[in-house]
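Enquirer: Sequence:
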Amino acid sequence: MAYYRQVGSVPPKRHTQHRGPEGTLRYEELMGEEGFSSDSSLLYHVNIPSAIVDAQPWEPPDVSTVPNHPLQPRHFQLPGLFEGEDWKATDVVSGRRLVLGNADVRLSYVVAGTPSPLYRNAIGDECVYVEKGGATVETLFGALQARTGDFVVLPRNTTHRWIPDDSGEPLKAYCIESSTHIAPPKRYLSRYGQLLEHAPYCERDLHAPSEPMRAEGDDVEVFVKHRTAAGVTGTRFVYPKHPFDVVGWDGCLYPYTFNVSDFEPITGRVHQPPPVHQVFESVNFVICAFVPRKVDYHPLSIPVPYYHSNVDSDEVMFYCGGNYEARKGSGIAQGSVSLHPGGHPHGPQPGAYERSIGVEYFDELAVMVDTFRPLELGEGGRASDDGKYAWTWVGGRG
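In the numbering used here, the protein residues as written are 39 to 436.
Hints are computed from structural coordinates only; laboratory data are not their basis. Treat each hint with caution, since some may be false.
[Stated by the list, open to error] Below, in silico cross-link-like pairs of lysine-lysine (DSS-like), each with a Cα-Cα straight-line distance of 25 Å or less:
1) Lys-366 x Lys-426
2) Lys-366 x Lys-332
3) Lys-170 x Lys-366
4) Lys-126 x Lys-170
[Claimed, not checked] Estimated spans, in silico, between C-beta atoms of each pair:
5) Glu-398 x Glu-97: 34 to 44 Å
6) Glu-392 x Pro-311: 45 to 55 Å
7) Pro-311 x Glu-207: 55 to 65 Å
8) Ser-78 x Gly-425: 29 to 39 Å
9) Pro-108 x Gly-360: 54 to 64 Å
By construction, the Cβ of each residue, glycine as well, lies at the ideal position given by its N, Cα and C atoms.
Taking the hints into account, I'd like the entire structure generated from these sequences.
Expert: Right under this line is the structure:
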């Protein structure tokens, strides 16, 4: 996201001395993508950012998967993964339950009520959609305020923690973890990175930290998710001083929030294909948002989607608000996730095609992830699969 910001105290020229009021030298850290060849920011620390006093193994939440075989469309009932009062002792990091995943992306769900540990994902960027609730996301760059409907985009290797609001209500979050980077679609960007006039949102809709965040502490733990030759694992580092010691930063790489209510839907006389709903892209997957909108206005239009085969992709839809016309009668409700895998033609449930004729407005909210490699079932997916969805186009199966 090549959109420059400056926060806090930075020197007039990069890679030069920067001293505090007492004359102490600040430590400059470059945080950049693709080596030194893409977006980056420079952060200025009070303490040496690489100083650690301990490193121990840490096991992140279960990320093992099994194939979707035999090939079936599936319905995952996510609310059932967190029942009773367990959410009060659950945090956004260690409490995630993997629903679907492959080598490019992992989709998890969590209902949380307690602060997370300090954490950073060294595998890829994270895009966390807040289904319900609010939180303060404290980061190395400063604090973000997250609310219902926010996409919280956290660049790879950003040390952060989630602190749910003290409201007595759970924080519900749908976590999209990339193995690379997440950014606005290239077709919406100028060659220099500005969001163009035909984009469904602009830089004014992106909210980044506005001031540095300082914290004190000795022997501070940070939990890091990373890769080994065998797969995903983790390490618990102990820092002699709190890593939130940045006095200022500038650059084009930083965490931010974007609220789905600021997404301006693109509509037409006849049904528009899913790419018009795209919000972000990554390597081998995209993120889309289906928001409340006026629908097709051709006199003979059929507003619900036409039946289609996902020749190159698996389609995952997280239903998080309103009424999804195309899925009526399938058992899908708010908090559900559907999987329509490549190789299976899919579309509206029986009767939805006809009922949509003459409809002028859809009051629906859903977050979609389309992948270009097959998805497998995680522990949370296997636990929440309703076992019936595949047969709903014929009215059930004995």
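Enquirer: Determine which of the earlier numbered hints do not hold for this structure and return their numbers in increasing order.
Expert: 5, 6, 7, 8, 9
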